[in-house]
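Novice: Each chain is listed here by its residues.
Protein chains: 2
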Amino acid sequence: MAEKFGLFSQHWSPKIVARMNDYEFKLVKIQGDFVWHKHDDTDEVFIVLEGQMHIDFRDGPVHLKAGELFVVPKNLEHKPYAEQECRIMLVEPTGVVNTADVGGELTAKVDYV
Amino acid sequence: MAEKFGLFSQHWSPKIVARMNDYEFKLVKIQGDFVWHKHDDTDEVFIVLEGQMHIDFRDGPVHLKAGELFVVPKNLEHKPYAEQECRIMLVEPTGVVNTADVGGELTAKVDYV
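Residue numbers (the working numbering), protein chains in the order written: chain A, 288 to 400; chain B, 288 to 400.
Don't read these hints as lab results, they were simulated from the structure. Because the structure is a prediction, the values reported are computed rather than measured. Mixed in with the good hints there might be a few duds.
Simulated coverage check for chain A against chain B, where a stretch passes if three residues somewhere in it have a Cβ under 8 Å from a Cβ of chain B [unchecked claim]: (1) 294 to 308; (2) 314 to 327; (3) 347 to 356.
30 Å max Cα-Cα, derived DSBU-like pairs, lysine-lysine [said to hold, decoys possible]: (4) LYS302(A) with LYS291(B); (5) LYS366(B) with LYS291(A); (6) LYS316(A) with LYS366(B); (7) LYS325(A) with LYS366(A); (8) LYS396(B) with LYS291(A).
Label pairs and their calculated CB-CB ranges [said to hold, decoys possible]: (9) GLU372(A) with ARG306(B): 25 to 31 Å; (10) THR381(A) with GLY382(B): 19 to 25 Å; (11) HIS350(B) with GLY347(A): 32 to 38 Å.
In this text, a Cβ means the ideal position worked out from N, Cα and C, and glycines have one as well.
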């Protein structure tokens, strides 16, 4: 996965590295603030590979560091952010849009890397 | 995940650490040979967290080390093995039996850790 991370630099732009059934494994470099959003139809798994990140929920933040895995339940508003660049893997069904129904400039077209 | 690995020692005995929709994330310590088997209905994801492992297929082996992810396609016979203890994470649908239809003494009852 380290090798794949070397192939792109854009933040908040998930890159697919594997597909299992109708799910995708995506690598993402994140830094700064993402947008508040929720996924109506699916849980979303965050696995922190390098660095530290945080996920704000309406009732408080969760702090995650390398080696930690967190499941954001479906339908729950959340806002990921990271002070320094952080490398994570997302696991979610094929076709999930990163900004869900919120859209905006951080909405990413997802490709393989 | 390192903390969770400290809570069990048995080899080839997957421990659930998270559930996403109808999928499970399981930590496994492996060493020695597993049995040849295949999963008729699902792909299976191996993520190597520490150490090295191998997966034999009928047409040759795949060698994996920490930081690598591999998808075993459904219906494909495979036999995982590791010379030294290796720590991995499996991702697959809820209810998948580790030895599939082959059974035997390595068949594990899967619990949360």
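Novice: Each hint should be assessed against the structure and marked as holding or not.
Specialist: How the hints compare with the structure:
no.: 1; hint: 294 to 308; in the structure: holds (count 5)
no.: 2; hint: 314 to 327; in the structure: violated (count 0)
no.: 3; hint: 347 to 356; in the structure: holds (count 3)
no.: 4; hint: LYS302(A) with LYS291(B); in the structure: holds, 28 Å
no.: 5; hint: LYS366(B) with LYS291(A); in the structure: holds, 26 Å
no.: 6; hint: LYS316(A) with LYS366(B); in the structure: violated, 34 Å
no.: 7; hint: LYS325(A) with LYS366(A); in the structure: holds, 9 Å
no.: 8; hint: LYS396(B) with LYS291(A); in the structure: violated, 35 Å
no.: 9; hint: GLU372(A) with ARG306(B): 25 to 31 Å; in the structure: holds, 29 Å
no.: 10; hint: THR381(A) with GLY382(B): 19 to 25 Å; in the structure: holds, 21 Å
no.: 11; hint: HIS350(B) with GLY347(A): 32 to 38 Å; in the structure: violated, 43 Å
Hints 2, 6, 8 and 11 from the list above are not met by this structure, while the remaining hints are.
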